[in-house]
Amino acid sequence: MSRPAASEPYGSVPRKEDPRFVRGKGTFVDDVTLPGMLHGAMLRSPVAHARIVSIDIAAAQAHPSVEAVITGEMLAGRGLAWMPTLSGDVQAVLATDKVRFQGQEVAFVVARDRYSARDALELISVEYEPLPAVVDASRALDAGAALIRDDLPGRADNRIFDWEAGDREATDDVFAAAQVVVGCDMLYPRSHPAPLETCGAVAEVDQLTGRLTIWCTTQAPHAHRTLYALVTGLPEHKIRVISPDVGGGFGNKVPIYPGYLCAIVGSIITGKPVKWMEDRSENLMSTSFARDYHMHGEIAATRDGKILGLRAKVLADHGAFNGAAQPTKFPAGFFHIFTGSYDLRAAHCEVTGVYTNKAPGGVAYSCSFRITEAVYLVERMVDLLARELGADPAELRMQNLLRPEQFPYTCPTGWVYDSGDYPRALRTALDIAGYAELRREQAAKRDRGEYMGIGISFFTEGVGAGPRKHMDILGLGMADGADLRVHPTGKAVLSVSCQTQGQGHETTFAQIVAAELGLSPDDVEVVHGDTDRTPFGLGTYGSRSTAVSGAAAAVVARKVRDRARLVAAAMMEVSPDDLEWAGGTWRVKGDPEHARGIGEIAMAAHSGLDLPEGVEGHLDAATVYNPPNLTFPFGAYICVTDVDPGTGVVSVRRFVAVDDCGVRINPMIVEGQIHGGLADGVGMALMQAITFDSDGNCLAGSFMDYLLPTAVECPSWELGTTVTPSPHHPIGAKGVGESATVGSPAAVVNSVLDALAPFGVRHADMPLTPASVWRAIQGRPLRADWPAD
Amino acid sequence: MRITVNVNGTEYSRVIEPRLLLIHFIRDDLGLTGSHWGCDTSNCGACIVWLDEQPVKSCTVLAPMADGRRILTVEGLARGGRLDPVQQGFARCHGLQCGFCTPGMMLTARWLLDHNPDPTEAQIREAISGQLCRCTGYENIVRSVRWAADHEAAVSADTAGQAGGTRARPR
Amino acid sequence: MQVPAYVEYERATSVDHALTLLARFGPEARILAGGHSLIPMMKLRLAQPETLVDINDLDDLSYLTVTDGELRIGAMTRHAQLLDSALAGEHFAILHDAERVIADPVVRLWGTVGGSLCQADPSEDLSAAFAALKAVMVIQNLEGSRTVPARDFHTGPYETVVAPGELLTQIRIPIVPGGGSAYEKVGRRAGDWPIGAAGAAIWLDGDTVARAGVGLTAVGAEHFCSAPAEDFLCGAPATPQTFARAGQIAAEHCRPVSDQRGPADYKRHLAGELTTRALLRALARVRAHAPAAAD
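Chains as they are written, first to last, in the numbering used here: chain A, 1 to 789; chain B, 1001 to 1171; chain C, 2001 to 2295.
Keep in mind the hints are simulated off the structure, nothing from the lab. Among the clues, some could well be false.
Said to hold, decoys possible - Ranges between beta-carbon positions, derived for each pair:
id: 1; chain 1: C; residue 1: Asp2231; chain 2: B; residue 2: Gln1123; range: 49 to 59 Å
id: 2; chain 1: B; residue 1: Ala1122; chain 2: C; residue 2: His2017; range: 51 to 61 Å
id: 3; chain 1: B; residue 1: Gln1123; chain 2: C; residue 2: Ala2210; range: 34 to 44 Å
id: 4; chain 1: B; residue 1: Val1015; chain 2: A; residue 2: Leu141; range: 53 to 63 Å
Claimed, not checked - Calculated lysine to aspartate or glutamate pairs in the EDC-like style (CA-CA distance at most 16 Å, straight line):
id: 5; chain 1: A; residue 1: Lys25; chain 2: B; residue 2: Glu1075
id: 6; chain 1: A; residue 1: Lys25; chain 2: B; residue 2: Glu1053
id: 7; chain 1: A; residue 1: Lys272; chain 2: A; residue 2: Asp173
As the list claims (entries may be wrong) - So the derived list for chain C, only partly shown, Cβ under 7 Å to chain B, looks like this:
id: 8; residue: Met2001
id: 9; residue: Gln2002
id: 10; residue: Pro2004
id: 11; residue: Tyr2006
id: 12; residue: Gly2035
id: 13; residue: Ile2039
id: 14; residue: Met2041
id: 15; residue: Ala2047
id: 16; residue: Asp2054
id: 17; residue: Val2101
id: 18; residue: Pro2105
id: 19; residue: Val2106
id: 20; residue: Trp2110
id: 21; residue: Ala2190
Just so you know, these numbers come straight off a predicted model, no measurement behind them. Using N, Cα and C, we set each Cβ at its ideal position, and we do this for glycine too.
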């Protein structure tokens, strides 16, 4: 089962997805139109925390185009006013007693056209009795702080969880004895994935059959199907979730949102299909945010720069409901991989999660389950240590990076990194960047009063969740299925449980199967996104598609190949042991003339050929792949910035990214994934943040203020590659979808702070907007989550 | 009110409310769903189409403003079954991933190349600076536009001598 | 996506027709030019006019000419046309500097100079540029037309002196030879509104500043300009020290407000810093255009 990977059809083949997209023939959820379809619109709370005194929907119901108005009270009658979240909490579908964040769902209108639905929202009057809002996470646990979750029995405060990892005592000992200890507070601000397509659904409940079909922007169609069954009571075999083309996910499209459920209920009530598409402000204000980790990090080292230990204390702002999506046993995700890529003696972290009057979420935006936060922390701490020691940040890292001979390496918080050549990746990045020359340039510029910075980030991720024994979401183990059928004429159909949102699975998974079976990728069709047509699995996020579903595809193809061997043996009247797989065929060992390709074997498998005992006909196989471990992609990133101290404006001049994601199935697609994540780093480091005022009003409810990088802010990315195959993945691949988002912010921030070093600036939080940079230079740093102060 | 609009060479006449946004007219009334929308504040450019030969963010235009005018959407880029060099460039250079921003990017690229057949990288980035992509980090979008610029030049060279000067787009 | 409330639509075929329509439909009618300021407000339902008067067919309001010693810009001139106009750039580089950083290339194809000015956002760039140039606005109504100095055009955030039933038709800038101008803007990202921006126009008499205009936007400067800085500059030597002091004065006399773009102290700093930089660049342009005999 663990043969080395085939070496041919991997390569930068053009994408099979592209023909429809360049013609504008994709099918996104808002493109779906059904006969008689109605449109939903959501009324949302204008305030962050308030009791609902009354809701009057009469005027809205009287609107000539309105067919239904749904309130929390009506849902409560059906047991649907609350739904489970992916973290085992509950979330209001439509508010009943209180609203707990600005933008929370309060009522749902169903009308004959989307403009009327929007108009009717204004006809609903809601009386609110405002309550004090908890907006500052650091005040959420103050005595006397307003209690947000009074809906939860026995809940006395806003604490959600306390969690820790590592050996506290051993770490304390290391720190107590260390020659050098450096500490720093740092914020990873609340951010939002903001895929270009917002979230939405078209729900159709067939009144005759009771079947629910829901087209939905979901990254996890099967998990959604199961959840809908559990929440609505509709039998699961009568639910079909179709995720068609999805315009970006980035973790934003993992949860089930109230709008989806309201569309379903709207369809039940009206007997017609109901479409609900959120607008951008709804997306930014109510769907799964990311990050919002308030961290205190400490690093202990010798005076010669040997890093000994790391400590972190984190306050995690989860918003009003704990809707974070991560494996059950890990309420802080994989944050405890904050030990990074270094050889440490000890580490300990503790994370306290709190409720605030903000939208729910937390795990999203390509975070690999909080590894974005972990990498940011450790890479900032290493730079701070370098500053303290007067050491070069590249040399300090090189001195401490894990060495290849140390793998498999168990880090102090329990992760077993299985493979990597870290020094080689860093050296490659330094070479591409021309590091020594950059430092010379920096020195010369400083003499002239010009300021450039060079920032490094080295990261290790653990992705591809994951072994089902340890990793489940709401009790659903994170193993994924794959089915493969080879038709009589030798064309194959692979059905997988993951769901592409642009990652190119229709192409790369075809390549995987093609490589295993000696076919052309054009002969392999990949089916995904429709729960009626695909096997169960937990979906696409956390860089798990190649790691898990890709593995499943390779495994199921090998099962087909193994069966094909038996059929080929019958065809050629030899023993299966006489055959070898070579040149994309089963051939008689030492006799290349006698060979059969999959195409011929497929026809034979469907024919009247006499098959041996125990061999069923056809050429199909199924598998469920339970990954034995996570995979560990890693990389070395270097960012060069120029800073104008008179204005605080930062320009990203260069960005070098060396990634190791194991075997690359389609290098063109891998590079595209990396390019996209690097842009995230520029955005988060310099301009993106979801901020609030002290009343809990969201200040980033549109793209005018939630700023995303354009082509002008991004440099031309310079990529490098190293390949250390995953030792356990069937084709040695590791996954790469989130690597660049994980690794890049620290590189940009380290670069800017390196530029500002002559001004005595030690640390400043993201986003390093012009105002933030200027204030840091003045010695009066801005608090990133209160930009107006 | 009734409006008449020429879209991709075909005339459409429809009764609409004056407040109908052009992007909704194109998508919902005409069923041309290749153009998308992604924001509320004219920042993302997923809705870009051509109105009288110029790119416009169609979410920021009312349908009646297009009455009597010509519109080009992504569905009209290919001519006689042949993809426009811009479309070919995007497919060859991996200029798209999820495909949602792609129609808008291609229409702006097409307009850029019609006015500046040999743009620098900086000019390409500037031209699309009012549009967002969340997937590609823009690198391959720039390469796709450069590919189209290079391959249009090759085509023009084949027809050199037959028609002088810049080839006007007969739309 | 958010959508507007119900509205009626009329299309004007001439300036007179537009004015007649405005008169007929009263104060709840709004002029619709490029729409890129108004329609977003309508989608957010912050603006809910009853009737829109579409003036996009009024080609005769779209021009850039030099007449009677003035650069005259038709109000329907699109931002892209102003940016591409060699005539405008030759006389007033500040207009090109400003247009280059207004919105984005696609919006500039449709947004109009007049539309932006009439939207009167307190962070609008052309307001500062025209204030620096001491432009004059021409406003037409059914009775005739009147002129209003740019510095008196705005009466508050989102408010101008253009009354219901009136139409801004032209912006006039007196051409005084030998000047140089520049615009400096800082935003959080390409296409962003300014956190702060300054425009400067100067004319020299030898090495002394003879005339000066300093425009500011987004920093709460009254009438989008800084008369105290201008007063200081007139008669002062054209040196970096003078310009630094002028910047300080400009910074002292504005009233920036803290918001998500930045805190007030930073905006005040920008007002000064960018005024100084704009003056320096304007000076460089004066010197670049000066006859070689100056030495």
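Here's how the hints hold up against the structure:
1. Asp2231/C / Gln1123/B: 49 to 59 Å: 42 Å, violated
2. Ala1122/B / His2017/C: 51 to 61 Å: 44 Å, violated
3. Gln1123/B / Ala2210/C: 34 to 44 Å: 38 Å, holds
4. Val1015/B / Leu141/A: 53 to 63 Å: 59 Å, holds
5. Lys25/A / Glu1075/B: 8 Å, holds
6. Lys25/A / Glu1053/B: Answer violated: Lys25/A to Glu1053/B is near 22 Å, above 16 Å.
7. Lys272/A / Asp173/A: 66 Å, violated
8. Met2001: Hint holds; Met2001/C Cβ to chain B Cβ min 5 Å, cut 7 Å.
9. Gln2002: 5 Å, holds
10. Pro2004: 4 Å, holds
11. Tyr2006: Since chain B brings a Cβ to about 6 Å from Tyr2006/C, closer than 7 Å, the hint holds.
12. Gly2035: 6 Å, holds
13. Ile2039: 5 Å, holds
14. Met2041: Not OK, violated: Met2041/C not within 7 Å of chain B, min 10 Å.
15. Ala2047: Nearest chain B Cβ about 12 Å off; hint violated.
16. Asp2054: 6 Å, holds
17. Val2101: 11 Å, violated
18. Pro2105: Cβ of Pro2105/C sits 6 Å from chain B, so the hint holds.
19. Val2106: It holds, given that the least Cβ distance between Val2106/C and chain B is near 5 Å, below 7 Å.
20. Trp2110: With a closest approach of 5 Å, the Trp2110/C hint holds.
21. Ala2190: 5 Å, holds
Hint compliance for this structure: hints 1, 2, 6, 7, 14, 15 and 17 are not met, and every other hint is.
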